[in-house]
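Colleague: Take a look at the letters that make up each chain.
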Amino acid sequence: MSERVGVAKTYKLVLNGAFVRSESGRVYEVLDHAGRFWANVAEASRKDVRDAVVAARAAQARWWSLSAYNRAQVIFRLAEMAEARRDELAEHVQRAEGRDAPAARECVARGIDRIVWYAGWADKLAQVLGGANAVAGPFFNFSLPTPSGVVAVICAQDSSFEAFVDAALAPLCAGNAVVALASEARPTPGLLLGEMSVTSDLPGGVLNVLSGRVGSVGASLASHEDVDGIDLDGAGDRAGELSVLAAGSIKRVRQPGTDFAANSTARLRSFVETATVWHTVGR
Amino acid sequence: MDARAGVRLLDPPRAPVIASEAQLRALLASLSGVDAAGAEARAAKLATRSIKTSSKRAALDMIISMIDLTTLEGADTPERVASLCDKARRPDARDASVPSVAAVCVYADLVGTARARLAGSTVAVAAVATAFPSGRASRRVKLLDVEDAVAAGADEIDMVIDRGAFLSGRLGEVFEEIVAVKEACQHAHLKVILETGELVTYDNVRRASWLAMLAGADFIKTSTGKVGVSATLPVALVLLEAVRDFAESTGRLVGVKVAGGIRSAKDAMRYLVVVNETAGSLWLSPTLFRFGASSLLNDVLMQRLRQVRGAYVRPQEFSAD
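Line by line, the protein sequences give chains A and B.
The C-terminal position of the first sequence is numbered 283 in my numbering, with every residue numbered one higher than the one before it.
The C-terminal position of the second sequence is numbered 604 in my numbering, with every residue numbered one higher than the one before it.
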């Protein structure tokens, strides 16, 4: 039998619940840890950023209008999807990060467990981050955590899957819509998770995954006035410059290097606004 | 510019006088059919033109100056119309370099409010009349509707044709009605809405365009915006070919208004390309080309501000109406 010709996949952007090529038509080559060709991925342009933000803005209202319990179910469904494609994810992590096979499998398992963890938090955030406040008067006073809105995430450059899960799922869990820029050199595990999100009941546009250059895509995201928050996790030495751009529209900015202890709620608090409600005490 | 796109005008103008329905029928029958696949392909091709930097800036301002800022809701109030008028006069409160829109388009009963609020500006008041949007009323009621709007100070009247009569072949009736409405308009400009979404074929669109122009329309307009299918690029192309051919054979210049479903600056720019390539640059003016729209204005303002600031802006920068 003759040798099969390889069928290489070109990874597309995950935008508004669909897989699209970049508006620019550009792609770039992704190499594995050993410097061999691994995949072609779309290189997002600033117009892709614009489209992703428009989609996220529309989707955020739908996402937040679901019950918290329902959001939890949807996120859990994402874990189910990832579980079914563990081997594929592990292969990508292995090739991208250069781990050995058992380590890559373990890494994917931890990531999927994190998705389940976030699913659990979706309907418990309000109880933990919110509360009933004592006030001097005949009023009930409640603090309620509400989502910031559209959150951009510059994902970590080194950890291609685990860190992606944390960066994307934490704001999602709090009711935000997310535009995530996957690791520039290792984008495929993040793009795969984006693909899975499309088949996991997540309304289209709630999680958009872009691949591209931190310099250009990051700048478009940071300066975009309709983005409410940005996580600079993987921005590296561009964090300062992106923070300045983000300041133009007074965004919430999460700086890189903010390490959280595992199972801390700190990350969940990053893109939450507290709404305070007063209500008269009646009989 | 495309050599075919310039119009050669007759001097002096000589529009044919339509004396009988048979003559009208013969004239419309003599029009060639529209190559539907060709029109769609040409429109799609023109839609791929890209307009950048200073041309884009100029196009955005041109679009603003061509907008008939429209509110045609049962829930319209004088206050809402007043605030729309203020926006029409000065679309971006922070930037005086943004041009005014061409007109404000309202129902006839709100013409007075708009007229008073727009006093001293260049913005015209347009009123929809003749039992808009269905056109289902007696001739007497339609004419009263028009007279009312004109008396209240409307500069432009948007009438609807009787699509039922047109589709069942009673062309004389449609023609006479337009002539009667034109007379009732007095000094006001008459825009004739063909409601192309209900005319089924491009051939019908071409015939209806000619019928309206022969009857004295100052503008032909695609749609009311109240039915499922509104303005499309190929339909605009057919209308623009009609005004171009009409201008060449009679010397009279008729405008085109596209309405319904045009929400983004990008869409609007595609129409401008089709205008320039079909009828010619003479039509790139608010006196001969208009957009009937409401949400389009905010998108154009957003694109304009993006060019100024260099970053994408949020929709909340501009009031809803």
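The reader is advised that the hints may include incorrect statements.
[Unchecked claim] In silico PhoX-like pairs for lysine-lysine, Cα to Cα no more than 25 Å straight-line:
id, chain 1, residue 1, chain 2, residue 2
1, B, 328, B, 509
2, A, 47, B, 549
3, B, 339, A, 47
4, A, 47, A, 9
5, B, 339, B, 509
6, A, 47, B, 509
7, B, 509, B, 549
8, A, 12, A, 47
9, B, 328, A, 47
10, B, 549, B, 335
11, B, 328, B, 339
Derived from the structure by calculation, the hints contain no laboratory data.
Colleague: Does each hint fit the structure? Answer for all of them.
Modeller: Hints, one by one, checked against the model:
As the CA atoms of residue 328/B and residue 509/B are separated by approximately 28 Å, the hinted pair breaks the 25 Å bound. Simply put, residue 47/A and residue 549/B have alpha-carbon atoms about 13 Å apart, close enough for the 25 Å limit, and the pair holds. A threshold of 25 Å between alpha carbons decides the hint, and for residue 339/B with residue 47/A the separation of about 16 Å falls inside it, so the pair holds. Using a Cα cut-off of 25 Å, the hinted pair residue 47/A and residue 9/A holds, with the two alpha carbons roughly 24 Å apart.
Between residue 339/B and residue 509/B the CA atoms are separated by roughly 30 Å; this puts the pair beyond 25 Å, and the hint is violated. For a cut-off of 25 Å, the pair hint linking residue 47/A to residue 509/B is broken: about 32 Å separates their Cα positions. With a CA separation close to 22 Å, the supplied pair residue 509/B and residue 549/B stays within the 25 Å bound. This hinted pair checks out: residue 12/A and residue 47/A have alpha carbons roughly 15 Å apart, not beyond 25 Å.
A C-alpha spacing of about 21 Å is found between residue 328/B and residue 47/A, which places the hinted pair at or below 25 Å, so the restraint holds. Note on residue 549/B and residue 335/B: the hinted pairing holds, with a Cα-Cα distance of about 11 Å set against a maximum of 25 Å. The straight-line distance between the Cα atoms of residue 328/B and residue 339/B is roughly 19 Å, inside the 25 Å bound, and the hint therefore holds.
In summary, the structure is inconsistent with hints 1, 5 and 6 from the numbered list given earlier, while agreeing with the others.
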